[in-house]
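S.K.: Sequence:
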Amino acid sequence: MRKLASLIIIAGLVIAGMQVKAGGKPLEDSVLRLHVVANSDSIEDQALKIKVKDEIVRFMQDEFREAKTEEEAVLIAKENRQEIKKIALKVIREEGFSYPVEVYVDKFEFPVKSYGNLVFPAGRYEAVKVVIGEGEGKNWWCVLFPPLCLVSSSDKGLSFDSPEEARVTFKCLELLPRGVKLGGPEEGEVIKAR
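When the count follows the numbering used here, it moves up by one through the sequence shown with no breaks and lands on 195 for the last residue.
No lab work stands behind these hints, which were simulated from the structure alone. Be careful, since some hints might not be right.
Using 27 Å as the maximum straight-line C-alpha spacing, the simulated DSSO-like pairs for lysine-lysine come out as follows [said to hold, decoys possible]:
1. K139 with K86
2. K52 with K139
3. K139 with K69
4. K69 with K108
5. K91 with K79
6. K114 with K52
7. K114 with K69
8. K79 with K52
9. K108 with K130
10. K114 with K79
Because the structure is a prediction, the values reported are computed rather than measured.
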């Protein structure tokens, strides 16, 4: 039983390692993120951020349809940086605000974040970063490539405030029948040598 448990744990570690890589590239080199940072955490600024995000995602759906790689997606984002800025400014003005907007397409350092069932490790990721006004509010984020936020773009489902700590799980352990325990003896249990 202990050999089986050891094999399962080793298999889990191997599988976990494979899931961090996508096509041999580290995850942070395989995705393009979108971050929209609010002016502040006020209710009005947070609502404005969501409206800006909605219009940017709507625009990007068509633009990213043809992207086959993260590199192509980054190029498309760079080519559309000024258009993204115009869209954000238009929404901001329509909502009665006069905040400036900056749009960056670059590599940024991000903490561990979860996105639905996916966990993105801390690291430097290519991202489109839209900063509204002072940029001191919470940010909304999603993954532009592969196009995860272009298929589902809800306010809360795409990690409005995702946890910064990841919980490590092993799929192979989740598949074990209920009641199977791995590990050492229970407290007070005596192990007999063979």
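S.K.: Of all the hints numbered above, which does this structure not satisfy? Sort the numbers upward.
M.R.: Result: hint 3 breaks, nothing else.
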